[in-house]
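Bring the two chains, given one by one in their own frames, into a single complex with the hints.
Residue numbers (the working numbering), protein chains in the order written: chain A, 1 to 375; chain R, 376 to 793.
Among the hints, erroneous ones may be present.
[As the list claims (entries may be wrong)] Chain A regions said to be covered by chain R (calculated; three or more residues, Cβ under 8 Å):
hint : stretch
1    : 65-74
2    : 90-98
3    : 337-347
[Said to hold, decoys possible] Quick list of in silico lysine to any residue cross-link-like pairs, SDA-like style, CA-CA up to 20 Å:
hint : chain 1 : residue 1 : chain 2 : residue 2
4    : R       : K473      : A       : T66
5    : R       : K541      : R       : K767
6    : R       : K783      : A       : E123
Honestly, the hints are just simulated from the structure, not real lab data. Heads up, the beta-carbon is just placed ideally off N, CA and C, and yes, glycines get one too.
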Amino acid sequence: MAASQWRKAMNSSAAAAVARGHAVPLVAGVVAPVAETPSSPGTHWPKIAPRHLIVVFAAIAFPFVTSPFITFQVGAQSLVLGMIALSLSFLAGYGGMVSLAQMTVAGIAGYAMAVFGHSSSAEISLGWPWWLAVPIAIVIAMLASALIGWLSVRTEGIYTIMITLAIGVAFYYLVLQNYSVFNGFQGLRELKAPTVFGIQWRDPLPFYALTLVCALASYWLVSHVVRTPFGIALQGIRDNPRRMGALGFSVVSHRVAAYALSGLIAAVGGILLAWYNALMSPGSVGTGWLINILVIAVLGGVRHPLGAFLGAIVFVLLQTFAIDVIDRERFNLVIGGMFLAIVLFSPDGLLGLWAKWRSRFSPMQANTSNQRRQA
Amino acid sequence: MKSTKRIWVRSILGAAAATALLGSAWAQSGQPVKIGLLATLEGPFAAGGADGMRGAELAVKERGGVVAGRKIEVIKASSDAKPDVAVNATRKLVEQDKVDIMVGPLSGGEGIAVKDYSKTQPQVTFINGGSGAQATTLVNPSPNFFRFNTEGGQWMVGLGKAALAKGYKRTMVIAEDYAFPYSQVQGFMAEYCRLGGKVPAKAWVPLGGKDYSSVIATIPKDVDALLVVLGGADAVNFLTQYENSGGDKPMLGGSITVSQDVLNYKGKRRDSLVGTLSAGPLADAYEGAEWKAFVADYRKTYPVSAGGFPSPSLFAFVYYVNMKAALDGLAAVNGDLSGNQAKYREALQKMTLKTPNGDVKLDSNRQAIGTTFVTEVVKDAQGNLFNKVHSKVDGVEQKLGMSDADFKIGSRDVPACP
Chain A
1 MAASQWRKAM NSSAAAAVAR GHAVPLVAGV VAPVAETPSS PGTHWPKIAP RHLIVVFAAI
61 AFPFVTSPFI TFQVGAQSLV LGMIALSLSF LAGYGGMVSL AQMTVAGIAG YAMAVFGHSS
121 SAEISLGWPW WLAVPIAIVI AMLASALIGW LSVRTEGIYT IMITLAIGVA FYYLVLQNYS
181 VFNGFQGLRE LKAPTVFGIQ WRDPLPFYAL TLVCALASYW LVSHVVRTPF GIALQGIRDN
241 PRRMGALGFS VVSHRVAAYA LSGLIAAVGG ILLAWYNALM SPGSVGTGWL INILVIAVLG
301 GVRHPLGAFL GAIVFVLLQT FAIDVIDRER FNLVIGGMFL AIVLFSPDGL LGLWAKWRSR
361 FSPMQANTSN QRRQA
Chain R
376 MKSTKRIWVR SILGAAAATA LLGSAWAQSG QPVKIGLLAT LEGPFAAGGA DGMRGAELAV
436 KERGGVVAGR KIEVIKASSD AKPDVAVNAT RKLVEQDKVD IMVGPLSGGE GIAVKDYSKT
496 QPQVTFINGG SGAQATTLVN PSPNFFRFNT EGGQWMVGLG KAALAKGYKR TMVIAEDYAF
556 PYSQVQGFMA EYCRLGGKVP AKAWVPLGGK DYSSVIATIP KDVDALLVVL GGADAVNFLT
616 QYENSGGDKP MLGGSITVSQ DVLNYKGKRR DSLVGTLSAG PLADAYEGAE WKAFVADYRK
676 TYPVSAGGFP SPSLFAFVYY VNMKAALDGL AAVNGDLSGN QAKYREALQK MTLKTPNGDV
736 KLDSNRQAIG TTFVTEVVKD AQGNLFNKVH SKVDGVEQKL GMSDADFKIG SRDVPACP
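Chain R on its own, in the form it takes in the complex (with noise of 0.2 Å):
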């Protein structure tokens, strides 16, 4: 019994030794790289949360899990959409589980939290998920915190030209009241005002409240139409009790307001949905062929009988994307990650990343220049409502091609012109 013991612990010393001194050299080709993964699982984004870790496993599994013979072994956690809740995970990945790359978080406060966060986490690269805040990139950038995922002021480049094309001249702006809904109301109303149109009046209603007649009661008669930024179900009962109220304007939406919901509307002013338009950075109907490709394998990969969606959601896309882009970064510097991964960061920041959307590179605060498609609501042949490509612009700057010196960030009197 006791010389089994000893040569028990005998191999195990030997065996630690051995691994001691081959260690440095595995260090870079054969240990797997890890990379931390935090979406939301809990909370109001959770379906979205599970689908945004479904783009990142799809863009794992298209480099067979190996990248530059390193193995990539990702580590997940959960948030519920709550900063401190996104922060606590994030440590723990990145303190407990050591990861040298962090892929996440989904939501915008989360996003901002996890940047300053990464401040004091310099061994570690942070790549965003899914938020969209403008503020984390803008207002003291971390220099280990990137984004190639364009955020909710360029989603809606485009869309005030389109407007202004179908002769909407004054537009009144309906959106919930907090940081996204500033960003989309100032990237569409940066070009819609510069060329000329009027936003005369603004409504901004709590998030979740359920009630629009004491908003619809204030729309001006002289406008020509409103833009619409809430969330899918939500948008749904404005557009009811906008017809309940006997109200006919036509209606522009933010990126996430014309949903299936909307699309599957059964009201009276059904009809009239016809040719509304909204933007966003991903269109169901778009033709390119690397968006065939990644939707056909989106399909294969998570049928809807195993809880995949119809389509890739807008955070299966963003996740597929920051998750590509830490991965070929990774492949660039042949897995190279030493010297505190500055030429890992250098590899990212000089990148030009190739998205199924089109192409994405970075701006000097690690921000990305991408892709906003401006999509029209059409009538297909069985009657069914979808949404056709109308435009699309490249490269969309986050500045939305102002000067540092003009660009303030949107808030709720920001930008105006009534």
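Looking at chain A on its own, in the form it has when it is part of the complex (with noise of 0.2 Å):
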């Protein structure tokens, strides 16, 4: 089939199923989501149901009641993976752009944070304080997104995947061969974080009480975003370009923009990593990352922001815990096996067995749901 006209099938299958209120099936398995109208014309503040308070409460209750092991390595490590791959569902689920470079993005935040804050390397850092330190970070990560998106929506698809891929991968060796600013092989180490009201934020409990606001302030944001006219437009380019385009919506800048505001989501991301590992160093912005990200965000599934952090919370357990269930040389299998159960059973990840799981077992309440939101 030409590409030409299997975009068009794809539109008006796209288009009939958004008639319908369904979720939109999109590339390699990616399932597009719909973002629920608000109920009142104005509003643009997602509603806060008894389940999200459940949710949260869980999420604050959850260090008391287990080790600062699990606190630290598994509860805080989950969110900060969970949101850089957060930032590549906002862009593959809203703006139908996959990105390999996410944690590119994240990587530049946490290398300009040890380069203007603290590092070992006394030569190479700055030594700004945390409050300068910071926001320069997210703002050079948040250009450097926004010149990877300019670079790459003026592709589609797979040449998308492969110009972001591209681009993460000359990163990665632009930081191990580069000795003046990135210390090379080695990279930055001791990248402390700060000290502030008295409280050393990397214990387990500050770090991850600092990890789960910045989650839940990014999952606000992008539930809130995906309902502005920026958002909604954004939806449009995604489902048809050409249409939004003659409709008088400029396709490229809203990309660009869409890569912006995921580019300050990794930043945020990118330096609570370096923070969790205390250094940079180019293992954390190499291949192997880059599409750890992606596997995280499609384990989850990218039909809605939760998702990013449920694949990243299985991720973090299979990694930690594998090796304790099955002999020490096959303990990748069981990584590698649970990955490829998950997606073969359910191409939305884990969202989509639940979406399953509750049209299954309750099929009139989810029709309900539907009709309500087409309301």
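So this is what it looks like as structure tokens:
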């Protein structure tokens, strides 16, 4: 089938699906989410339902019922990786752009933090205070993300993946071989989270609280933005860029803005990741991690911002504990097998499994909720 | 039903109470000692990491899995040679599995990161696995991190002297561009320059680069030899390209350069490889009785059919040495890890460790002072090339015999003697 025909077929089926209020299948098994239309026009605030409160309460109670190790390594790490994956699932789910360079953006923020803030390499780090270094790192990463977006938005589908992968790999080799700024293979070490209000923010509990606040904020940001005129236009562009262009929307600038916004989330995640690991080395932005972020996003499902965090929790649990359940030389098989099983049985990740389960056990409820969405 | 359940609950509670009462008395004699073992079972050093684990297991097996009446329980973890992954895996062993002693990691960057982490866990004793970065024990050393293997710089001591004895007065360096080759080059040059050798040019090539033609073009005409510090397969690439461009300078090798890959080289220059000098912490052909016993034990426990190597690799050896140190220290204090392991650490610090290659002692930074072998490629009766022991240097220190003030960590430009 020619590309244009294929696109036309996709668009018409997508439009039909949107009209019926269903999720839209996109490229490579990615299912596009449809933002719930606000119940009353003019309010763009997501409604707070009891289930939101339950999740938030559980997240707050979590560190008090588990060990500091679980809090830090499982809890905080999942939230940090979840934020970086969220920046990808925002781009992929609502913008239709699968970027492999999200870890690169996070890494740029982490390295910027290490260079402008404190590290063990005194001749490289400028030693600025955190309240100056953090905003600068975020701005640099957002600019980099917008630049990556600007380079890649003219491409579609697999070509976007290729160009962002190329940028990611180029950045990896840059930090590997540059000694004057990035300290090459060794990277920059002893990146300390600041001590503010007498609290050492790298201790398990404060660090978990910090990541939780940032994760909730980025979750809220994504849920909010997709309901704004900008977010609605972005989803329109995802479904049919040509039609949106004809309606007078600038396709390129919307996409670049989406990249910049995702860069903001990835940058915050990247700074937290640098503090979590206490170091930035080329390995943190290598191909393995570029792909891991995609794995996390797909594992959780990109139709809802929650998916990124679900995927991250499963990913971190497997990475941490798979070696305990099986022979040390075979444990990667468990990790790979789990990923394969989830993607095989549910192309939309864990969220898809949840949706399937709900529609099987309470078909009526699923129908009514769909109808309510349409109303 | 109900009464059975009650009995169950009571007996469990009773058992718990009994354990709690006995616990304190039990802790010292009967309770197992948990040792965390970290090596790279993924990524570029996966084969080396697996052999490192074999080496460590061999040390545990030699003691029958029991030291001073306490069972040794080894809990394993894997990384992929990335420092962040290594720290995550170590954190799991220390904070989740609550190990008493930690052995690992394997590669240089990981070692520095785990050393940094060890400062936050003063209740656990960290013993290195295979990592050989100089900075681990030289820059901000950690009071509870011990390293019983020598590192990249120490491994090259003796090579400079042997090269001068062969008449190589000017040498060009061709090495990969990261910390381990820096330390290897430093180990060579410290001695070579002191004895009057000159290194007019150094070429730092990217790790994993396959094209050496631009480097080959810059080799000056007036050098007598090339010091090549590349990984085994890359060294063969270099040899092939150097031969094709008509080069004929003799080669000196780093510790991981003249591997079996190089010895099996089939090019025209094969015969000119005879006489190639290299240096390292072990030599397959060493005739020492302890070394031969170690090799025989390794071969018996891990035959090639079961995935073992024909001869223990560098990583099997260093993991064996470090695990042996952990267990010997435990035996020296009779299994007593009380008082935040203070006695145990003192025993490690003062110990003279018997290794297959001779005695190892620790310096004030808890870094090994040990033996280095200089080897030379020779041809046997069947025409196969192998590494013969040329000379053996004992008591090699990390600072390479320099004073604290003179010693600087190796880098691209340190040391220099053009």
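Comparing the hints with the structure gives:
1. 65-74: holds (count 6)
2. 90-98: Violated - the stretch 90-98 of chain A has 0 residues with a Cβ nearer than 8 Å to chain R, which falls short of three.
3. 337-347: Violated, because only 0 residues of the stretch 337-347 of chain A bring their Cβ atoms closer than 8 Å to Cβ atoms of chain R.
4. R:K473 to A:T66: Holds - the C-alpha atoms of T66 (chain A) and K473 (chain R) are around 15 Å apart, at most 20 Å.
5. R:K541 to R:K767: At roughly 17 Å apart (the allowed maximum being 20 Å), K767 (chain R) and K541 (chain R) satisfy the hint.
6. R:K783 to A:E123: 15 Å, holds
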